Amino acid sequence: SQTIHQWPATLVQPVGSPLSLECTVEGTSNPNLYWYRQAAGRGLQLLFYSVGIGQISSEVPQNLSASRPQDRQFILSSKKLLLSDSGFYLCAWGPGQGDSPLHFGNGTRLTVT
Amino acid sequence: RKEVEQDPGPFNVPEGATVAFNCTYSNSASQSFFWYRQDCRKEPKLLMSVYSSGNEDGRFTAQLNRASQYISLLIRDSKLSDSATYLCVVSEGGSYIPTFGRGTSLIVHP
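Just so you know, the sequences run in chain order A and B.
607 is the number of the first residue of the first sequence in this note's numbering; add one for each residue after it.
6 is the number of the first residue of the second sequence in this note's numbering; add one for each residue after it.
In isolation and in its complexed conformation, chain A is listed as follows (with noise of 0.2 Å):
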């Protein structure tokens, strides 16, 4: 069966410093790869889709980038986090095109201060 393993499950980081978040699917291959935001009470904004090595799409220009340097591999980072970077994080995979659900990774709660 197909995991998603995503870390770390929390993390507080003070503004300026780099970020780097990993998700990994496991039991599947060439999934299509998300990662999502989920600010306090709101409801998930759509970071960076991808659907094959090196394929990155961005939803939303912002301080944030993503590279997928594996087929199941996918990570969120950031050269200098903002306060506005709070929040909750989730990676997500999906097997093909949106007749198929997403299934979410445990997330990471940042905190930036």
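For the record, the hints were derived by calculation from the structure and aren't laboratory data.
Small disclaimer: the values here were computed from a predicted structure and weren't measured.
Here a beta-carbon is modelled for each residue, glycine too, at the ideal position from N, C-alpha and C.
Hints are supplied without guarantee of correctness; some may be wrong.
[Claimed, not checked] Pair ranges (Cβ atoms, derived): (1) B:Ser-31 - A:Ser-683: 29 to 35 Å; (2) B:Glu-10 - A:Ala-646: 16 to 22 Å; (3) A:Lys-685 - B:Pro-19: 50 to 56 Å.
Got chain A; can you put chain B on it based on the hints?
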């Protein structure tokens, strides 16, 4: 712009009650529909897919009305453990990007 609208609630109901949520979508090309459940400070988890003919999973029933462009979720005999936020998700055929509603909060009290 593709929109998925949900009543944010909260819906505050006693145990044993029946509660229904609606979700409207604006994109008539939408072909796939799902309900997710999100507990506080947790990730969303798939609750059920929504099929054209309607579908039932235990106490949960999902229905699709294409003509009026909405989907619904009915929860019978509510349990305390049903307290969560329920997210509606709509996807256009051939699209990689599903559209999430902002969720409806349900609180089931004793």
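Each hint, compared with the structure:
Checked against the hint of 29 to 35 Å, the C-beta distance between Ser-31 (chain B) and Ser-683 (chain A) comes to roughly 34 Å, which is consistent with it. Taking the beta carbon of each, Glu-10 (chain B) and Ala-646 (chain A) are about 21 Å apart, inside 16 to 22 Å as hinted. A C-beta distance of roughly 51 Å is found between Lys-685 (chain A) and Pro-19 (chain B), which places it inside the suggested range of 50 to 56 Å.
Consistency with the previously given hints is maintained throughout, with no hint failing.
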